[in-house]
Amino acid sequence: QKEVEQDPGPLSVPEGAIVSLNCTYSNSAFQYFMWYRQYSRKGPELLMYTYSSGNKEDGRFTAQVDKSSKYISLFIRDSQPSDSATYLCALEQGAQKLVFGQGTRLTINP
Amino acid sequence: ETGVTQTPRHLVMGMTNKKSLKCEQHLGHNAMYWYKQSAKKPLELMFVYNFKEQTENNSVPSRFSPECPNSSHLFLHLHTLQPEDSALYLCASSRRDNPEAFFGQGTRLTVV
Numbered sequence: 001q002k003e004v005e006q007d008p009g010p011l012s013v014p015e016g017a018i019v020s021l022n023c024t025y026s027n028s029a030f031q032y033f034m035w036y037r038q039y040s041r042k043g044p045e046l047l048m049y050t051y052s053s054g055n056k057e058d059g060r061f062t063a064q065v066d067k068s069s070k071y072i073s074l075f076i077r078d079s080q081p082s083d084s085a086t087y088l089c090a091l092e093q094g095a096q097k098l099v100f101g102q103g104t105r106l107t108i109n110p
Numbered sequence: 111e112t113g114v115t116q117t118p119r120h121l122v123m124g125m126t127n128k129k130s131l132k133c134e135q136h137l138g139h140n141a142m143y144w145y146k147q148s149a150k151k152p153l154e155l156m157f158v159y160n161f162k163e164q165t166e167n168n169s170v171p172s173r174f175s176p177e178c179p180n181s182s183h184l185f186l187h188l189h190t191l192q193p194e195d196s197a198l199y200l201c202a203s204s205r206r207d208n209p210e211a212f213f214g215q216g217t218r219l220t221v222v
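Chains as they are written, first to last, in our numbering: chain A, 1 to 110; chain B, 111 to 222.
Hints in this document: simulated from the structure, not taken from any laboratory.
Mixed in with the good hints, there may be bad ones.
Lysine-lysine pairs mimicking DSSO-like chemistry, simulated, CA-CA at most 30 Å apart [what the hints assert, rightly or not]:
#, chain 1, residue 1, chain 2, residue 2
1, B, 151, A, 2
2, B, 128, A, 97
3, A, 97, B, 162
4, B, 151, A, 97
5, B, 150, A, 70
6, B, 132, B, 150
7, A, 67, B, 150
8, A, 2, B, 150
9, B, 151, A, 67
10, A, 97, B, 129
11, A, 56, B, 151
12, A, 42, B, 129
Generate coordinates for the entire structure from the input sequences, incorporating the hints supplied.
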């Protein structure tokens, strides 16, 4: 079983839709939960970072962590074509080792 | 500009060549990392350096040899690579006490 599972998609939605991206994990020792966005031919850029269960909001983006279910989500409201990218979840349990999901390729259609 | 600069952006090398990838960070971080990103696979951590000292080698073959002369610079020396080593190699940096890692643009490596 992979430590972090993420549906690779691709996921295609119309502009303005609410997007939900998810990861599940098996190791309850993970403490830090991150979402990265990666445009084609670019390195990943950090979008959001959270430590505890609950929600964290930043503009149109909301990160949600449910440690009891080992489930994390990223919601994008009012999605824009510029949000089209691959979204990677990354989890860290200490010792600076980030474990990444496979990434979900998202396309927002105008 | 992400604060982490990688050169070259693209590299094609033969299996008998020796080449080096370079990474420089301008963020004042004290930890640096090499990751490998292959098609349809998650990013894989290769090496971790803290204050110039290697603290993690994730079972990487010896044909990959990292070097960290100071907290701002990181190299990955390559020799006798295989075609399956073709991938995007990403450098990242962070503060030692903070899990937020900032990535460079990557070097797209093709081994022929």
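**Report entry** 30 Å Cα cutoff - pair residue 151/B, residue 67/A
**Finding:** holds, 25 Å
Query raised in the report: Within a Cα-Cα threshold of 30 Å, do residue 151/B and residue 97/A meet the stated pairing?
Result: With Cα atoms ~17 Å apart, residue 151/B and residue 97/A stay inside 30 Å; holds.
Query raised in the report: Under the criterion that the straight-line Cα-Cα distance not exceed 30 Å, is the pair residue 132/B, residue 150/B satisfied?
Result: Distance ~25 Å between residue 132/B and residue 150/B Cα, so the pair holds.
Requested in this report: Below or equal to 30 Å on CA atoms is what counts here, so check residue 128/B against residue 97/A.
Outcome: holds, 28 Å
Report task. Given the hint that residue 151/B pairs with residue 2/A, test it: the Cα-Cα distance must not exceed 30 Å. Result -> Holds - the C-alpha atoms of residue 2/A and residue 151/B are around 11 Å apart, at most 30 Å.
Report task. Would you check the hint for residue 67/A and residue 150/B, treating anything up to 30 Å between C-alpha atoms as holding? Result -> Holds, because 27 Å separates the two Cα atoms, which is no more than 30 Å.
Report task. Assess, step by step, whether the Cα of residue 56/A is no farther than 30 Å from the Cα of residue 151/B, and give holds or violated. Result -> holds, 28 Å
Query raised in the report: Are residue 97/A and residue 162/B close enough, with their CA atoms no more than 30 Å apart?
Result: Holds, because 17 Å separates the two Cα atoms, which is no more than 30 Å.
Query - Hint consistency between residue 97/A and residue 129/B [alpha-carbon to alpha-carbon, up to 30 Å] - result: holds, 27 Å
Query raised in the report: Keeping to a limit of 30 Å between CA atoms, is the pair of residue 42/A and residue 129/B held or broken?
Result: holds, 22 Å
Query - 30 Å Cα cutoff - pair residue 150/B, residue 70/A - result: holds, 23 Å
Query raised in the report: Are the Cα positions of residue 2/A and residue 150/B separated by 30 Å at most?
Result: holds, 14 Å
This entry satisfies every hint, going by the numbered hints stated previously.
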